[in-house]
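Position one of the sequence shown corresponds to residue 1 (our numbering), numbered consecutively onward.
Since the hints were made in silico from the structure, they are not lab data.
For glycine and all other residues, C-beta sits at the position ideal for the given N, C-alpha and C.
Take the hints with a grain of salt, since some may be wrong.
[To be verified] When the alpha-carbon atoms are kept at most 30 angstroms apart in a straight line, the in silico DSS-like pairs for lysine-lysine are as follows: (1) Lys57 x Lys3; (2) Lys78 x Lys24; (3) Lys57 x Lys124; (4) Lys24 x Lys57.
[As the list claims (entries may be wrong)] DEER-style ranges, computed between Cβ atoms: (5) Lys3 x Asp31: 16 to 26 angstroms; (6) Trp92 x Ala121: 35 to 45 angstroms; (7) Arg69 x Lys30: 30 to 40 angstroms; (8) Phe29 x Leu109: 15 to 25 angstroms.
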Amino acid sequence: MFKKIFSTLWVPYAIIYVLISMAKKSSQFKDVDFSFLMISNVFFALLTGCIIYFVSKSAQSSNPHAFVRGVMGGMFAKMMITALAFIIAMPWVKNLHTTEILLCMFIYLIYLIFEVWSLTATQKKKDVVES
């Protein structure tokens with residue numbers, strides 16, 4: 001199970017890490033707090049890993065609707081935890097610009113795409129095996 005989660009998450013983590021590192025070396029982005037973006041990348045990787053783990057457990061249920069409920073619940077939980085993390089982090093992050101927030105939303109979107117892609121691929125494999 002953990003091997004599947006790791007194999008799903010290393011691709012978006014590596015892509016985002018490389019993009020952030022390249023942007024950090026560039027002189028065009030002087031106002032962007034790259035440490036905040038690196039922390040966001042790790043945060044979303046861990047959060048997505050937890051969501052994939054719990055949704056994969058609910059997909060093993062004999063109820064066919066459990067998978068859909070799990071994915072929707074996971075997406076809602078991820079969104080709420082992210083909003084709560086932003087609210088908690090606001091007092092400690094000085095001079096947070098809209099650029100960082102938009103980039104963080106982009107990171108969230110990339111992990112969301114990989115999460116849904118991974119879970120639906122797993123569910124399709126399960127449906128093919130059962131047929």
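Cross-check of the supplied hints:
{"no.": "1", "hint": "Lys57 x Lys3", "in the structure": "15 angstroms, holds"}
{"no.": "2", "hint": "Lys78 x Lys24", "in the structure": "27 angstroms, holds"}
{"no.": "3", "hint": "Lys57 x Lys124", "in the structure": "15 angstroms, holds"}
{"no.": "4", "hint": "Lys24 x Lys57", "in the structure": "38 angstroms, violated"}
{"no.": "5", "hint": "Lys3 x Asp31: 16 to 26 angstroms", "in the structure": "40 angstroms, violated"}
{"no.": "6", "hint": "Trp92 x Ala121: 35 to 45 angstroms", "in the structure": "38 angstroms, holds"}
{"no.": "7", "hint": "Arg69 x Lys30: 30 to 40 angstroms", "in the structure": "45 angstroms, violated"}
{"no.": "8", "hint": "Phe29 x Leu109: 15 to 25 angstroms", "in the structure": "19 angstroms, holds"}
Of the numbered hints given earlier, the model fails hints 4, 5 and 7; all others are met.
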